[in-house]
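**Student:** One-letter residues, chain by chain:
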Amino acid sequence: MTRYLPLVRAALARRRARTVLTIGSVLIAFLLFALLMSVRQAFLGGIHAVGKRILITANVVSLVSPLPLADRAIIASVPRVRRVAYEVWFGGYYRRTGNFLFALAVDPPTFVAELRSELGLSPRARARWIADRRGLLVGNAIARRFGWHVGEVIPLRSNIWRRSNGTNTWPVRVDGILRPSEKRYAQLALLHYHYLSETVAKSTGLSGKVSLYRVEIAHARDAAAVSRAIDARFANSPDPTRTSTARTFLLNFLDQIADIGTIVTAILAAVFFTMLLVTANTMARSVRERTAEFAVLRTLGYGPGRLFGLVVAEAALLVGAGALLGLLLGLGLIVVLHGLLATILPGFALPPSSFALGLALVVLFVLASSVVPYLQIARLAVADALRRE
Amino acid sequence: MTEIAAQPSSEPLIRLERVSKSYRRGGETIQVLDRVDLAIPRGDFLALMAPSGSGKSTLLNLLGGLDRPDEGSILFDGVALESLGPRALTRWRAIHVGFVFQLYHLLPVLSAARNVELPLLLQRLGRAERARRVAAALSLVGFPDDRHTFRPTELSGGQQQRVAIARAIVTNPTVLLCDEPTGDLDRRAGDEILDLLVELNRRLDKTIVMVTHDPHAAERARTLVRLEKGLVGEIRATSS
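Quick mapping for you: the protein sequence lines, in order, are chains A and B.
Start counting the first sequence at 915; every next residue gets the next number (the working numbering).
Start counting the second sequence at 176; every next residue gets the next number (the working numbering).
A few of these clues could be false.
To be verified - Here are the in silico distance ranges between beta carbons for each label pair: (1) A:917 with B:373: 29 to 35 Å; (2) B:331 with A:917: 26 to 32 Å; (3) A:1199 with B:301: 34 to 40 Å; (4) B:404 with A:917: 43 to 49 Å.
Since the hints were derived computationally from the structure, they do not count as laboratory data.
C-beta: ideal position from N, C-alpha, C; glycine also.
Work the whole structure out from these sequences, hints included.
**Tutor:** What follows is the structure, given as structure tokens:
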């Protein structure tokens, strides 16, 4: 097929401005595709990695309403529950609010037990942190960003909680740096729950309470039954609960911000539909302008199928070039933005599956934009076309 | 109805048997060819002369398998073209027919050599072999070596027609169908093209069917056929 390449190239070079503009529109579409898929990945990418055996129990009212720490023992007593951890959203930042940190106050032994393999933490650092009430574990992305080292004392601030001494600063010591296998943990900052609980102002109502419980169960198939059993225990308590899988919990939480998946899909659908119209119009006009040339090629022995193949090759080159350039430019931008958005969107990266999806879109658009040219070629009356010329 | 062509040679290469063709235009049926019988011997150079609208281009299209007759049969070397399906007809055309048009119909975005190469792309030939055949064809039609890379717009009318003829003969087809090949050229360039066609007919024994309304061009052929109102009116040998 390469022998036809000069013919295809020449056809595209026929109207350079139109070809460049069409490639440009495809480029923009795929650039947007790359960026939006990265945003989607940042919000939803971690969901697939969420353990299927983890349930989240939170106050049925909202996440802002804490649950008593005493509930832990009750949850732990529910059959088929293996382990119960808890955490509080700290709302941390370093020096100024722009330096946002994904900080959680947790129960160190259970947290480490659950994520032992994922955290990438040495046994010595783990032991040091568990024993150090004012200890802090930070992801390597944070440590790198602020230049923190093990042993350094950091004035960690909260934009939610206040201390009983009137300040919002908790001095913490860096006990270890996480080198996790998953990028999302590289942005974590973990401090002791008890340090927070014992020093937080009484007026906050946090003392002796937690934001949520992380419940590990033996088998994923038990999730629904265990969830119902936990919620039943607290149905008539002052703080009724809602238990769901970690994945459902995360999706519901993100839905409160916005339906990211739907928004991204809607924008991309609009962009690609417009791109399809542009490309299809370009191809249809190109073929219409060359009716006589196609007629001549028919006289030389080119069948309709071969001519259609040439048109598909033109469309493939047009869309393929635009898509490739768009994705490459998008990748470059994502690399740049990844650093800038590290704290806000830590998972901002183009997922590998996007390349397969992009390729599928290219094939789809090539075929879709070749439909009208196909009809034009199939209906070509050679004698008439030559006579008209 | 017209008379059967009385051709001197043995079995003809092309035989038209009671071929009719009509078109509908504005609700009216126009009979372009009416039960035409014609035999074209192998190696003949036949000129079809007729006033405008009398069916000469239609006849050429039928001979080249670009159109199908309403009635009758066209036999090419014993094969009835109407019996061939679209794919087979396309393949047959690629092997047996070379077209030359009045307006050359070269692809403007390709160089002269690339234009000549077009029919060869359909064959399983290597790049070097294609280049060799292209160079040979262009040389045969007297196209200057230093202009192979020129685009059609950079060539004179006569040069463009030479490229078109080279494209038509590069696959060594059985028959050349020429539709007013000198119609867009001045007398001198036209004569050169006619010389070339005569040369191809005499030296390479190419069968040529040439449609023309120019008596001067028609006299260069071996046989002259006049079409009148869809019928073959006269067949005679020329002085060439």
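**Student:** Each hint should be assessed against the structure and marked as holding or not.
**Tutor:** So, going through the hints one by one against the coordinates:
1. A:917 with B:373: 29 to 35 Å: 34 Å Cβ-Cβ, so the 29 to 35 Å window holds.
2. B:331 with A:917: 26 to 32 Å: holds, 29 Å
3. A:1199 with B:301: 34 to 40 Å: holds, 35 Å
4. B:404 with A:917: 43 to 49 Å: holds, 46 Å
Checked against the numbered hints given earlier, this structure breaks none of them.
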